[in-house]
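Chains as they are written, first to last, in our numbering: chain A, 1 to 112; chain B, 113 to 251.
FYI, nobody ran anything at the bench for these hints, they're computed from the structure.
Take the hints with a grain of salt, since some may be wrong.
Straight-line distance between alpha carbons at most 25 angstroms, and here's what the computed DMTMM-like set of lysine to aspartate or glutamate pairs gives [stated by the list, open to error]:
1. B:Lys246 x A:Asp52
2. A:Lys28 x B:Glu126
3. A:Lys28 x B:Glu132
4. A:Lys28 x B:Asp164
5. A:Lys28 x A:Asp2
6. B:Lys246 x B:Glu182
7. A:Lys67 x B:Glu212
8. A:Lys67 x A:Glu90
9. B:Lys246 x B:Asp169
10. A:Lys67 x B:Glu213
11. A:Lys67 x B:Asp206
12. A:Lys67 x B:Asp208
13. B:Lys246 x B:Glu135
14. B:Lys246 x A:Glu109
15. B:Lys246 x A:Glu83
16. A:Lys28 x B:Asp208
17. A:Lys67 x A:Glu109
Here are a few chain B residues that face chain A, going by a calculated C-beta distance under 10 angstroms [as the list claims (entries may be wrong)]:
18. Leu130
19. Met149
20. Ala201
21. Pro205
22. Leu207
23. Arg214
24. Gly218
Positions of the beta carbon are idealized from the N, C-alpha and C atoms, including for glycine.
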Amino acid sequence: MDIFQSTTEPGILTLTLSGRLDADTTAKFGEVLGGAIDGGHHKIVLDLSGVDYVSSVGLRALILAAKRLSPLGGRIVLCGPQERIRHLLEIAGFTSIFTIVATRDEALEQLR
Amino acid sequence: MSSICTILGNERAEIVRLGEIAERFGADERLTDDEVMGINLVLDEVVTNIIDYGYDDADRHEIRVTMTCEGNVLTIEVDDDARAFDPLAAPPPDLDLPLEERPIGGLGIHIVRSVMNDVEYQRRDGHNILTMRKTIGRT
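So here's chain A without its partners, still in its complex pose (with noise of 0.2 angstroms):
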């Protein structure tokens, strides 16, 4: 799992995230994710799109961070899952509780 930040536009924090979420990996995630959040970051884009494989535990890390940001006003958008990774975000229930765009453009445009 490779995670690369950037703040392309002011405000809003993208992680673009790479390789598998899961057990071993999630921990690294939530640290960053939660670091983040600590740090003010309320507007997060999470571009999915190197993910290639995600598992319950890194399900469970994105809605701890959803939980965490709602009462602070803030969000997550993800974005440019792969296929298989959108129907496993479906399986879950994610679809009603995340933005879930194509793009990155979409997905700030979602948080402006």
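Once you've looked at the hints, dock chain B against the given chain A.
Frame of chain A, contents of chain B only:
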């Protein structure tokens, strides 16, 4: 019919090895990429749960995983000597709940039930035996 049986130790590193075994089995059985990913995900969910939460001691335990293809049915059996745990006893998660009320856990077995067509649990001779079946379309 073709079948593969592997015995894993109760440590996280075994999940990677199990994934490699599932990939090889999927290639031999001409399963689709989506089917192989589904198998990987199901095995990850079930075995990670056993390793992380199943044991009351720090001893080494064996987890036996058997994958069988017969006709167009794939059967996965996971046999462990962890404490009795019926994953099917939990009610399915309510996926209509808003974020604030959405529980953190319970997604793993929900994913297993969604990927596989049929899941059965038995407690036999001090072992948990989870048998999961899925209809496959061979390439």
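Comparing the hints with the structure gives:
| no. | hint | result |
| --- | --- | --- |
| 1 | B:Lys246 x A:Asp52 | holds (22 angstroms) |
| 2 | A:Lys28 x B:Glu126 | holds (20 angstroms) |
| 3 | A:Lys28 x B:Glu132 | holds (23 angstroms) |
| 4 | A:Lys28 x B:Asp164 | holds (18 angstroms) |
| 5 | A:Lys28 x A:Asp2 | holds (9 angstroms) |
| 6 | B:Lys246 x B:Glu182 | holds (11 angstroms) |
| 7 | A:Lys67 x B:Glu212 | holds (6 angstroms) |
| 8 | A:Lys67 x A:Glu90 | holds (18 angstroms) |
| 9 | B:Lys246 x B:Asp169 | violated (34 angstroms) |
| 10 | A:Lys67 x B:Glu213 | holds (9 angstroms) |
| 11 | A:Lys67 x B:Asp206 | holds (16 angstroms) |
| 12 | A:Lys67 x B:Asp208 | holds (16 angstroms) |
| 13 | B:Lys246 x B:Glu135 | holds (16 angstroms) |
| 14 | B:Lys246 x A:Glu109 | violated (41 angstroms) |
| 15 | B:Lys246 x A:Glu83 | holds (20 angstroms) |
| 16 | A:Lys28 x B:Asp208 | violated (29 angstroms) |
| 17 | A:Lys67 x A:Glu109 | holds (22 angstroms) |
| 18 | Leu130 | violated (12 angstroms) |
| 19 | Met149 | holds (6 angstroms) |
| 20 | Ala201 | violated (17 angstroms) |
| 21 | Pro205 | holds (7 angstroms) |
| 22 | Leu207 | holds (3 angstroms) |
| 23 | Arg214 | holds (6 angstroms) |
| 24 | Gly218 | holds (9 angstroms) |
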